[in-house]
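*Asks:* Since chain A is already given, all that's left is putting chain B on it; use the hints.
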Amino acid sequence: MVAPPLVIDALTSIFTTAIGPAAFAGVAWGILGGALPGISPSITMALLLPFTYGMDPSIAIVLLASTYVGAEYGGSIPAILIRTPGTNAAAATVVDGYAMKEQGKAGEALGISLYSGCLGGMVGLVVLVLLTEPLATIALAFTPAAYFALGVLGLSVIASVSGDSLTKGLMAGLLGLMIATVGTDPVSGVNRFTFDSPELLSGIPPILVMVGLFAIGELLAQTGEPGCEKAASGTARIRFPGHAMRKRLARPQAIGSAMGTLEGIMPGAGGTISAFLAYNEARRWSSHKEEFGHGSPEGVAAPETANNTVACTALVPLLSLGIPGSNSSAILLGGFLIHGLIPGPTLFVNHPDVVNGLYAGLLAANMALLTLGFVVMMPCLWLVNRPKPYLMAFIYAFVVSGIYAIDASLFQVGVAIGFGLVGYAMRYFKVPFLRMVLGVVLGFMVESNYRRALVLASGDHMTFLQDRISAGLLGLAFVFVAGALVRQGVDALGRRRLARSAA
Amino acid sequence: MLALSAGYYWMAVAIPRSQLADAVGPQGLPRVYALLLGVLSLTMIVKSFRRRAQVPSVAATPPPVPGRESAGAGPRFPLWRVAGMLAIGILYILVAPWLGYLLSIAVLLLATTYYQGGAINRQVVLVSLSGGVLFWLLFVVLMRVRQPPGWWLPLS
Numbered sequence: 000m001v002a003p004p005l006v007i008d009a010l011t012s013i014f015t016t017a018i019g020p021a022a023f024a025g026v027a028w029g030i031l032g033g034a035l036p037g038i039s040p041s042i043t044m045a046l047l048l049p050f051t052y053g054m055d056p057s058i059a060i061v062l063l064a065s066t067y068v069g070a071e072y073g074g075s076i077p078a079i080l081i082r083t084p085g086t087n088a089a090a091a092t093v094v095d096g097y098a099m100k101e102q103g104k105a106g107e108a109l110g111i112s113l114y115s116g117c118l119g120g121m122v123g124l125v126v127l128v129l130l131t132e133p134l135a136t137i138a139l140a141f142t143p144a145a146y147f148a149l150g151v152l153g154l155s156v157i158a159s160v161s162g163d164s165l166t167k168g169l170m171a172g173l174l175g176l177m178i179a180t181v182g183t184d185p186v187s188g189v190n191r192f193t194f195d196s197p198e199l200l201s202g203i204p205p206i207l208v209m210v211g212l213f214a215i216g217e218l219l220a221q222t223g224e225p226g227c228e229k230a231a232s233g234t235a236r237i238r239f240p241g242h243a244m245r246k247r248l249a250r251p252q253a254i255g256s257a258m259g260t261l262e263g264i265m266p267g268a269g270g271t272i273s274a275f276l277a278y279n280e281a282r283r284w285s286s287h288k289e290e291f292g293h294g295s296p297e298g299v300a301a302p303e304t305a306n307n308t309v310a311c312t313a314l315v316p317l318l319s320l321g322i323p324g325s326n327s328s329a330i331l332l333g334g335f336l337i338h339g340l341i342p343g344p345t346l347f348v349n350h351p352d353v354v355n356g357l358y359a360g361l362l363a364a365n366m367a368l369l370t371l372g373f374v375v376m377m378p379c380l381w382l383v384n385r386p387k388p389y390l391m392a393f394i395y396a397f398v399v400s401g402i403y404a405i406d407a408s409l410f411q412v413g414v415a416i417g418f419g420l421v422g423y424a425m426r427y428f429k430v431p432f433l434r435m436v437l438g439v440v441l442g443f444m445v446e447s448n449y450r451r452a453l454v455l456a457s458g459d460h461m462t463f464l465q466d467r468i469s470a471g472l473l474g475l476a477f478v479f480v481a482g483a484l485v486r487q488g489v490d491a492l493g494r495r496r497l498a499r500s501a502a
Numbered sequence: 000m001l002a003l004s005a006g007y008y009w010m011a012v013a014i015p016r017s018q019l020a021d022a023v024g025p026q027g028l029p030r031v032y033a034l035l036l037g038v039l040s041l042t043m044i045v046k047s048f049r050r051r052a053q054v055p056s057v058a059a060t061p062p063p064v065p066g067r068e069s070a071g072a073g074p075r076f077p078l079w080r081v082a083g084m085l086a087i088g089i090l091y092i093l094v095a096p097w098l099g100y101l102l103s104i105a106v107l108l109l110a111t112t113y114y115q116g117g118a119i120n121r122q123v124v125l126v127s128l129s130g131g132v133l134f135w136l137l138f139v140v141l142m143r144v145r146q147p148p149g150w151w152l153p154l155s
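Going down the list, the protein sequences come from chains A and B. For the first sequence, numbering that gives the first Met the number 0 gives the first residue as 0, with consecutive numbering after it. For the second sequence, numbering that gives the first Met the number 0 gives the first residue as 0, with consecutive numbering after it.
Chain A extracted, bound-state conformation (with noise of 0.2 Å):
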């Protein structure tokens, strides 16, 4: 338990040293970078690095990990107005996000993914202080079986999102997963589907994929559309959701939190398949199913509540046993070890102002996206009301810009702009394009799991069944499945009927 002066503490630092300070800049930083396509929360942390050298050491934490939870929000921006996910974890939000835009909610999609994501950021500080030592055991009990498990589990989504066509659905899927083989094979090293080409053996990042399918598939959609010379035109303001609405939001708030909790502490899964897997089971509990993938307020609450959670619960299994799970939890990792400091057990013992320092410091963080968050929004409402042209021409530079910043390469802007193609003809043949971005995400993950437990267990399949995890797992990707099946076999049976009777 937290002893109550601890967090009279926490508070009492965040107004009178730098914390607090630190905290908002770090924000700020944050929603920037995480705003911009191509550049990640931890390459947003990386960028602030070097000026943390001289820094105390609880303030150049607190800077780096607030930075991260503004990024991780700051991808929700882009996501919801120009359907553009400006990080990986903020997929799973450009689906209602984008199409509640679209039907002039822009403000009311912001509002809902603010909100839930500082309750996000919350949940996961309060995990985080509470449970860092009982869920890093969880963490360690996870073996290459059952993170193959979890990738079934997440790619499980698949067939309970496809809507009507199942078979495009799994189509769509598939081509993701070949996507994610391409590049040097994680086990014998050999390189696969690279045609020779060294800018092709770290594989095809999935924001290439992502930016690509959302972004210039949908400038390439508008362009090819009715009216497109025409000027937008119109007005929005935030809105945060009212007392009805945060009453609804709340079930897929609190399945977000579960799912960013459960995907946080443990190390490689991340915010974005936390995303994808609570915008799934948020469908699967809602009572407006129907509403979700044409704008759905919970479609947007889910994502952006797990992704955020995690950006907090994230920082379990580094806190507890020095093990970054991301990216992202690897620089706050660098920022550690350049002032000294071991994260792991001892941490908690040798520098427990550290610690509190950093928990006082995530609690601000959380405080400033609220305040930084609407003020940002604004001046984004503005710009997407621009005229069109203006507007259309300013997200290509947008796009083109930012996925030449991921490695500083002219042919991924090239493959951006290719898997643009791809949406586009995906669009136009009724394809669901999330199921290829969920199979690109999983793949690698799926993949490499896979065969490492294999080669653990000599090859025995049974392996996967005879790890609890695994096993456990395994049987809820199967139990979703065979639902989702089962519902659309009613379904169809059902459609039967009412064009039987109807002739």
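Please note: incorrect hints may appear among the correct ones.
Now the in silico label distances, taken between C-beta atoms and shown as ranges [stated by the list, open to error]:
# : chain 1 : residue 1 : chain 2 : residue 2 : range
1 : A       : 200       : B       : 18        : 16 to 22 Å
2 : B       : 49        : A       : 493       : 19 to 25 Å
3 : A       : 195       : B       : 143       : 53 to 59 Å
4 : A       : 102       : B       : 125       : 31 to 37 Å
By construction, these hints were calculated from the structure, which means they are not laboratory data. Don't be surprised by glycine CBs; every beta carbon is placed ideally from N, CA and C.
*Replies:* Below, chain B without anything else, positioned relative to chain A:
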């Protein structure tokens, strides 16, 4: 899709074997993916033939872009317009190493604005140039992110 799955399978089989490979090997899952995609493609083909047999007139109509079915008459050559947008992006890739980031991004802004229905006038040129400077300040100066350097001005 069937052709894609066949081509992908053929390439998967051609992946060189390694002495470090495990029982599944680097070809294992790609081959499974290709076979599954092939089966699903055949399923789609059979389904579409069945549907065509039931409703011939519907099958002959090309599918519209989702969500835009009732938006009225579109541009005369939508695919050409899409190709034009792609061409602007490819042009950026080609000229950026020569012109550098600031000028290339300004050209991209100008070309896209004009292509999307804006006129070429003083205001559009000014907005494009200002946009180029804004992007340069944001990415290169503030974020310290590398952008194409170009040969005429070291502004990367």
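*Asks:* Can you let me know if the beta-carbon spacing of residue 49 of chain B and residue 493 of chain A is within 19 to 25 Å?
*Replies:* Distance hint for residue 49 of chain B, residue 493 of chain A holds at roughly 20 Å.
*Asks:* Confirm or reject the claim that residue 200 of chain A and residue 18 of chain B have a C-beta distance inside 16 to 22 Å.
*Replies:* holds, 20 Å
*Asks:* Should the hint that residue 102 of chain A and residue 125 of chain B are 31 to 37 Å apart at their CB atoms be regarded as holding?
*Replies:* holds, 34 Å
*Asks:* Does the beta carbon distance between residue 195 of chain A and residue 143 of chain B stay inside 53 to 59 Å, or does it fall outside?
*Replies:* Violated, at about 33 Å.
Going through the hint list in order, the structure does not satisfy hint 3, though it satisfies all others.
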